[in-house]
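Student: Starting from two chains that each stand alone, build the complex the way the hints lay out.
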Amino acid sequence: MPAPSVSSAEPLAAASFDQTLRAHGIDLVRGRTHTLQVNTGYLCNLTCRHCHLEAGPHRHEIMSLATMEAVIAYAARVEFATIDVTGGAPELIADIGSFLARLAKLTPKLMVRTNLVALQSTAAAGLMALYKKLGVTLVASLPSTNGPQADSQRGQGVWQRSIEVLKALNTLGYGQPQTGLELDLAVNPTGAFLPADQEPTEKRYKRDLEKNGIVFSSLFTFTNVPLGRFRQWLAQSGNLQSYQQMLVDRFNPAAACGLMCRSLVSISWDGYLYDCDFNLALGLHHGTVRTHVTDMQDLPPEGTVIPTGEHCYACMAGSGFT
Amino acid sequence: METYYNPADLAKFAEIGKNAPELAQKFFDYYGAVFADGALSEREKALIGLAVAHAVQCPYCIDAYTRSCLEKGSNLEEMTEAVHVTNAIRGGASLVHGVQMRTLAEKLSF
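Those protein sequence lines, which keep their order, are chains A and B. So that you can map any letter, position 2 of the first sequence is 2 in our numbering, and since no number is skipped, the others follow by simple counting. Our numbering runs 1000 ahead of the 1-based position in the second sequence.
Bound conformation, chain B alone (with noise of 0.2 Å):
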């Protein structure tokens, strides 16, 4: 069945460059001193990666993510906890919102 996602389409990330290329360069440039060792290590930052892909929800990064983690030398209870933090921080940002909704409620009604 023929879906919008191709998993063979990250390997070819690249071929975005094709029409833009000094574009494409710049932000690969760009992501590639992003995730190199700084004062977050290499694993610390593909675990950042990792939650933000699920937020983001997007396949390719979810793809990436989880190899780049694995090679990074990270593990299930991390990658696993990752993810509730984007699940947190997803859930709150929802329910925090229902300060906003209780404040014009209680400013609509007696």
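Chain A extracted, bound-state conformation (with noise of 0.2 Å):
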């Protein structure tokens, strides 16, 4: 017997995203702005089923020495509990390293987002080394404890890659108790479904890679969001229309409080402001205007009104996405 599904069985999007926040009393607006996310560009050795932003090898979008000079000048201006650092994979971006090293003086948390194998890029060489020396929070993304699994969103092999780095960074001492080197999980869903509760995936996590020998600080668990490379598969496998159903469906309104839009803003490759990555995918700008990084003098103002789309369900749907 299967569990009785609370869906309406209305056609997708009866109400849009912002009607159903109208009614249930959400406000989606910007709170006090604690980090500075940066996207340093598209370019990827991965070409991951579930990227919104269709990063790969074929790209070229990549953030200019004088946009990270913007970035810079702007985390002097303006502290930022965290800057967290994303692509693509900024692991291949020329002068991350010198990038790195300068926004680790601007800010109490330094954070980086990796696939764990762009650390085995020519390019990467000596970056770990570096990660360890800034004290760099490490968020590495992996979907799976079994491989194939893994792979199937990734690409072959990456699962057996992604252990190699990950028991290269504890040997560092990243994730390993006491050391003060946070390396954290990103587990996205491998397909058109919502992830795990994050808890008891971290458990699991924690006892399946202690069987490999790999230990880790904490695990946080994403929905996939339908846009980019994503919304392309979603299509072509005849799942897009039931994935949004489903997001519509597992809206939560209590997801709201803890929105990332809401104290996170995002600098695109090219030096422009948005409220999260999504909306950078989809050139949404912060405050709808398009306002470059040089332009910024503060904080983006407290109760500016965040541009929404359908995407946002993703990030209201079941325990959210923060």
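Just so you know, these hints were derived from the structure itself, not from any lab. Careful: at least some of the hints might be erroneous.
For lysine-lysine, the following DSS-like pairs were computed, each having C-alpha atoms within a straight-line distance of at most 25 Å [stated by the list, open to error]: (1) A/K203 with B/K1045; (2) A/K211 with B/K1026; (3) A/K203 with A/K167; (4) A/K105 with A/K133; (5) A/K167 with A/K133; (6) B/K1018 with B/K1045; (7) B/K1026 with B/K1012; (8) A/K105 with A/K132; (9) B/K1045 with A/K206.
Okay, the calculated bits of chain B under chain A, using three or more residues with CB under 8 Å as the criterion [stated by the list, open to error]: (10) 1065-1075; (11) 1095-1108.
Source: prediction; values computed, not measured. We treat Cβ as the ideally placed atom computed from N, Cα and C, and that holds for glycine.
Tutor: Pasting the structure below:
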């Protein structure tokens, strides 16, 4: 007997995302910003099937030295509790080392999102040691502890190479207790379904990865957002409508308080501001105005309305997206 | 082509309460409690649900518990092994009756 569904069985998005927010009395505006997210560009050594940015080896949009300088100047003007560097694969950007070294002096917490295997590239030589020296918090993608399941998202052989890199990071002290070197795992579903709850997933990963001699600090689960390459796959596989409907059906008003767009500002590879990496993918500018980081003198103003779209249902489904 | 099973009906399961709401509510409350985290995790219970779904050969249940297993973090290796458990029990249940057959046949034969 299947679980009873809470679905209304109504057609998709009978109410737009904004209407749904209003119906629940949610006013989606910016609060105090504490995180600066920097997207260094879409160049990546992988072509993950869930990627909302369609990053890959064929992409040439990467952050220039001039934009890096503008980001550093902004981070010097305005203190952010966290600076979160993402891509693509940041490791593949020339001068990423000096960029990170300068950012590390400007924030209590510098975080880099890594696909792990980029750290095996020639371009990334010495980066692991630099991360350790700077005390960078690493957030590493590992969608499954099962090799074939992980590879179905990230590419053949990526899981095994990810395990090798995790071991190398552990050897450096990352993820080990009392080193202060934080190694977190990011888990996105390997298909058109929602992620498992974070807490039991973290326990299971700790147990499974321990068999490979791997330790890590914490684990975060994230919903796949139906944009970019993931959206294309959803359409091609006949899952798009049912996936979008599922996100609508699983709308959880309690997730609104933890939404990252309330407290994070994202800078694109070419220096423009967005309220999150998904709005960046769609070109939905922060404050609905195309603003360059060089024009920012302060934190983004509290109360600024956050532009939304149907993709925002992904951040409000189930436990939400923080 | 029309069939007896319509995938869209799965989402209408709650409608079963329309003419017997109290009974339906008791069932759904019980159902929710059974699948909540307990001595077994929700993930383990979903794998059991998947195996039972194949035993009772309910298309709705197979649909629901395939999705549920994936959402709870299971992988295809685990899910396929769960279905083999179903198969082993079903096959074993047939085969073990062979003892009954043999006993009777031996009784009836010289």
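Student: Indicate, hint by hint, whether the structure satisfies it.
Tutor: Results of checking the hints against the structure:
{"no.": "1", "hint": "A/K203 with B/K1045", "in the structure": "holds (16 Å)"}
{"no.": "2", "hint": "A/K211 with B/K1026", "in the structure": "violated (43 Å)"}
{"no.": "3", "hint": "A/K203 with A/K167", "in the structure": "holds (19 Å)"}
{"no.": "4", "hint": "A/K105 with A/K133", "in the structure": "holds (12 Å)"}
{"no.": "5", "hint": "A/K167 with A/K133", "in the structure": "holds (18 Å)"}
{"no.": "6", "hint": "B/K1018 with B/K1045", "in the structure": "violated (28 Å)"}
{"no.": "7", "hint": "B/K1026 with B/K1012", "in the structure": "holds (18 Å)"}
{"no.": "8", "hint": "A/K105 with A/K132", "in the structure": "holds (14 Å)"}
{"no.": "9", "hint": "B/K1045 with A/K206", "in the structure": "holds (20 Å)"}
{"no.": "10", "hint": "1065-1075", "in the structure": "holds (count 8)"}
{"no.": "11", "hint": "1095-1108", "in the structure": "violated (count 0)"}
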